[in-house]
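J.: From first to last, the protein sequence lines stand for chains C and B.
No gaps in the numbering here: position 93 of the first sequence is 93 in this note's numbering, and each next residue is one more.
No gaps in the numbering here: position 42 of the second sequence is 42 in this note's numbering, and each next residue is one more.
These are calculated hints, taken from the structure and not from any lab test.
Heads up, a few of these hints could be off.
[What the hints assert, rightly or not] Just so you have them, the derived chain B footprint on chain C, three or more residues with Cβ under 8 Å:
| hint | stretch |
| --- | --- |
| 1 | 13-19 |
| 2 | 70-80 |
[To be verified] No farther apart than 30 Å at their CA atoms in a straight line, the calculated lysine-lysine pairs in the BS3-like style are these:
| hint | chain 1 | residue 1 | chain 2 | residue 2 |
| --- | --- | --- | --- | --- |
| 3 | B | LYS161 | C | LYS88 |
| 4 | B | LYS240 | B | LYS8 |
| 5 | B | LYS189 | B | LYS147 |
| 6 | C | LYS88 | C | LYS184 |
| 7 | B | LYS161 | C | LYS65 |
| 8 | B | LYS2 | C | LYS130 |
| 9 | C | LYS41 | C | LYS217 |
| 10 | C | LYS136 | B | LYS2 |
| 11 | C | LYS195 | C | LYS28 |
| 12 | B | LYS161 | C | LYS92 |
| 13 | B | LYS189 | C | LYS130 |
| 14 | B | LYS2 | C | LYS92 |
| 15 | C | LYS88 | B | LYS240 |
| 16 | B | LYS2 | C | LYS199 |
| 17 | B | LYS320 | C | LYS70 |
| 18 | C | LYS88 | B | LYS147 |
| 19 | C | LYS136 | B | LYS161 |
| 20 | B | LYS161 | B | LYS189 |
| 21 | B | LYS189 | C | LYS129 |
| 22 | B | LYS8 | C | LYS130 |
| 23 | B | LYS2 | C | LYS129 |
| 24 | B | LYS320 | C | LYS129 |
| 25 | C | LYS70 | C | LYS217 |
| 26 | C | LYS28 | C | LYS65 |
| 27 | C | LYS92 | B | LYS320 |
| 28 | C | LYS88 | C | LYS28 |
| 29 | B | LYS320 | C | LYS65 |
Here a beta-carbon is modelled for each residue, glycine too, at the ideal position from N, C-alpha and C.
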Amino acid sequence: MNKMKKDKEIVHTKNLVKHYYLDGVIVKAVNGVTFSIPRNKMTVIIGPSGCGKSTLLHLIGLLDKPTRGKIYFDGHDVSRLTEIQLAKLRLKKIGFVFQFFNLHPLLTAVENVELPLTISGISLIERRKKSLELLKVVGLNERADHYPNQLSGGEQQRVAIARAMSNDPEIIMADEPTGNLDTKSGDEIMKLLVKLREKATVIVITHDQDIARRANKTIKLRDGIIV
Amino acid sequence: MKFDDSLKFALNNLTTRGLRSWLTIIGVIIGVAAIVAIVSVGQGMQETISAELGSLGGDVVFVMAGSSFQMGIGQAAYAREAGELDDRDVEIAEAVEGVLHVAPDIFGFVEVSYLKQNRTLYMYGTNENWVKVRNRANIESGRFLKKGDSGVVVLGDTIAKEAFDKEILIGSNIKIEGESFRVIGILEKFGGFGSDEDQSVYLTLEDAEPYSGGMGVDNYYAIEIKVESERTEEIAERIKEKLMISRHVNEENIDFTVLTPETISEMVLNIMNTINLFLYGIAAISLIVGAVGIANTMFTSVTERTRQIGILKSLGMTNKEVMNLFLVESALIGLVGGILGLFVGFIISGAIGQIAAFFLRGAMFRTSFISITPTLIIFALVFSIVIGVLSGIFPARRAARLQPVEALRYE
């Protein structure tokens with residue numbers, strides 16, 4: 001991969017395949033996809049339910065290993081990295097926003113935001129300061145000490161976005177971030193994500209055409225292949 | 001992740017599942033308390049027995065009739081068929097270099113009457129040397145038996161002061177098996193384990209013979225020998241050699257037993273160790289049950305927290321860090337259980353000490369029945385943490401090996 005291309009693309013995949021067995025039947029979730037994600041832009045991966053888009057996000061988010069194919073981060077092949085190296089990459093370079101928020105139920109909003117910093121070994125004073133700033137950015141500084149079950153869905157997702165930003169990642173991956181929210185909350189979340197591309201590369205998985213319209217790049221997926 | 005953050009995580013998880021955590025901790029408390037109580041009482045008993053045996057004097061040698069001396073001092077009397085001890089044995093012992101005093105003994109149980117009250121009491125028949133042989137035998141009032149005495153008796157402290165409603169004083173007359181005896185001496189309190197000496201009457205060999213079930217003058221139950229201190233073992237060995245020659249026996253068919261405080265100590269401590277081993281076994285089982293409890297709780301916890309583990313892994317936590325989180329948690333259960341178990345163990349051993357003191361209140365012990373040492377405290381705490389960690393290893397490994405994507409999907 002030449003240098004100019006590498007600078008423009010943060011993620012690149014080559015013939016990415018993910019097959020798994022479900023009740024003895026082979027499921028071809030991702031079936032040989034090659035694409036690039038441009039740096040500091042918003043890319044939307046769109047497709048109908050069950051087309052393999054979440055599996056694809058898990059692969060490029062380094063949460064799952066491909067059956068075949070390559071994934072490049074900043075031009076480096078990451079498909080064969082060890083568990084520890086993958087964990088470090090997730091910690092330093094990627095922030096996740098999930099459809100069901102996935103906040104830690106025993107931690108307050110601010111503790112959830114600072115979780116990546118806690119894992120990184122940052123001191124309490126430093127991480128608390130940064131997390132409160134991030135909660136301010138998402139408009140939840142008043143709710144810092146509230147537990148997830150004391151927050152609405154939209155508020156929980158905003159906490160999740162703040163958490164995804166806390167380690168200053170290069171990429172933020174959002175899997176159906178508005179899928180579990182009402183229209184108003186979903187719109188607020190999307191505004192936040194669109195704004196985030198100024199600081200990081202944003203990848204959003206959705207089946208919502210309206211969201212796709214706000215993207216710099218759209219990848220359409222059907223039955224595990226790009227169409 | 002820093003250790004203090006892992007600790008906070010663990011505490012958070014444990015307090016959230018308060019009841020279950022406490023039930024698990026109780027399992028550990030029982031195990032640790034059992035071990036602490038057993039060890040402290042076991043050590044205390046050993047120290048007490050050692051002190052009591054030591055008080056016999058390091059310079060006293062016992063020759064007992066019979067060779068099957070297996071179970072303790074009292075057993076020798078029942079195993080004395082093989083060969084009785086007689087005056088010739090006494091003379092041989094007296095002739096050994098380093099021997100200072102020799103007192104042959106016989107014993108029996110006699111009915112003692114005083115002011116129309118009857119008591120069945122332990123009786124020693126011995127000679128004037130007995131009080132010189134026994135280091136703790138001191139005359140409180142009057143005198144001990146002497147050669148040529150007849151119709152006189154010396155009383156142990158408890159017999160004189162407590163056995164009858166009215167205290168028996170020097171010069172009083174008491175009846176032994178219907179015969180009248182004049183009290184010529186009262187011993188100072190011996191105290192200590194068993195305290196047979198405080199609860200005995202002392203007669204001359206001649207006077208005691210009719211009540212000793214076949215034992216008597218020239219047919220003794222034991223010979224007690226005071227030797228030069230610092231040379232006890234050597235002199236005991238020499239006494240044994242001389243007696244073997246005189247009695248025409250060898251190691252194969254030996255018909256007497258020579259005991260020193262050291263050999264008695266060893267024998268008693270061997271018995272104590274066997275009992276302790278058995279008790280440790282029981283305590284170990286209860287601790288294993290506690291450990292299984294921790295493992296069970298941790299497995300349940302891993303299952304319940306699968307999604308949380310997925311979140312932590314997606315945020316960049318490594319397998320090792322996830323494993324550490326769970327190990328810290330199970331170690332914490334062990335530690336809390338250990339600390340509380342230590343206290344409960346102390347309370348139990350204290351209670352056992354009190355009960356023992358109540359039942360043996362006639363005895364004055366030089367040591368307590370319980371022994372709580374810093375080693376025991378450190379051992380109990382370290383051991384409980386180790387148990388916690390060991391019980392947590394498999395659940396923690398299961399948590400660590402969860403694939404992030406699978407864990408996140410878990411409902």
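J.: If a hint holds in the structure, say so; if it does not, say that too.
T.: Going through the hints against the structure:
no.: 1; hint: 13-19; in the structure: violated (count 0)
no.: 2; hint: 70-80; in the structure: violated (count 0)
no.: 3; hint: B:LYS161 <-> C:LYS88; in the structure: violated (84 Å)
no.: 4; hint: B:LYS240 <-> B:LYS8; in the structure: violated (69 Å)
no.: 5; hint: B:LYS189 <-> B:LYS147; in the structure: holds (24 Å)
no.: 6; hint: C:LYS88 <-> C:LYS184; in the structure: violated (35 Å)
no.: 7; hint: B:LYS161 <-> C:LYS65; in the structure: violated (90 Å)
no.: 8; hint: B:LYS2 <-> C:LYS130; in the structure: holds (18 Å)
no.: 9; hint: C:LYS41 <-> C:LYS217; in the structure: holds (8 Å)
no.: 10; hint: C:LYS136 <-> B:LYS2; in the structure: holds (26 Å)
no.: 11; hint: C:LYS195 <-> C:LYS28; in the structure: violated (35 Å)
no.: 12; hint: B:LYS161 <-> C:LYS92; in the structure: violated (87 Å)
no.: 13; hint: B:LYS189 <-> C:LYS130; in the structure: violated (78 Å)
no.: 14; hint: B:LYS2 <-> C:LYS92; in the structure: holds (17 Å)
no.: 15; hint: C:LYS88 <-> B:LYS240; in the structure: violated (79 Å)
no.: 16; hint: B:LYS2 <-> C:LYS199; in the structure: holds (28 Å)
no.: 17; hint: B:LYS320 <-> C:LYS70; in the structure: holds (26 Å)
no.: 18; hint: C:LYS88 <-> B:LYS147; in the structure: violated (96 Å)
no.: 19; hint: C:LYS136 <-> B:LYS161; in the structure: violated (88 Å)
no.: 20; hint: B:LYS161 <-> B:LYS189; in the structure: holds (10 Å)
no.: 21; hint: B:LYS189 <-> C:LYS129; in the structure: violated (76 Å)
no.: 22; hint: B:LYS8 <-> C:LYS130; in the structure: holds (20 Å)
no.: 23; hint: B:LYS2 <-> C:LYS129; in the structure: holds (18 Å)
no.: 24; hint: B:LYS320 <-> C:LYS129; in the structure: holds (28 Å)
no.: 25; hint: C:LYS70 <-> C:LYS217; in the structure: holds (21 Å)
no.: 26; hint: C:LYS28 <-> C:LYS65; in the structure: holds (14 Å)
no.: 27; hint: C:LYS92 <-> B:LYS320; in the structure: holds (17 Å)
no.: 28; hint: C:LYS88 <-> C:LYS28; in the structure: holds (29 Å)
no.: 29; hint: B:LYS320 <-> C:LYS65; in the structure: holds (19 Å)
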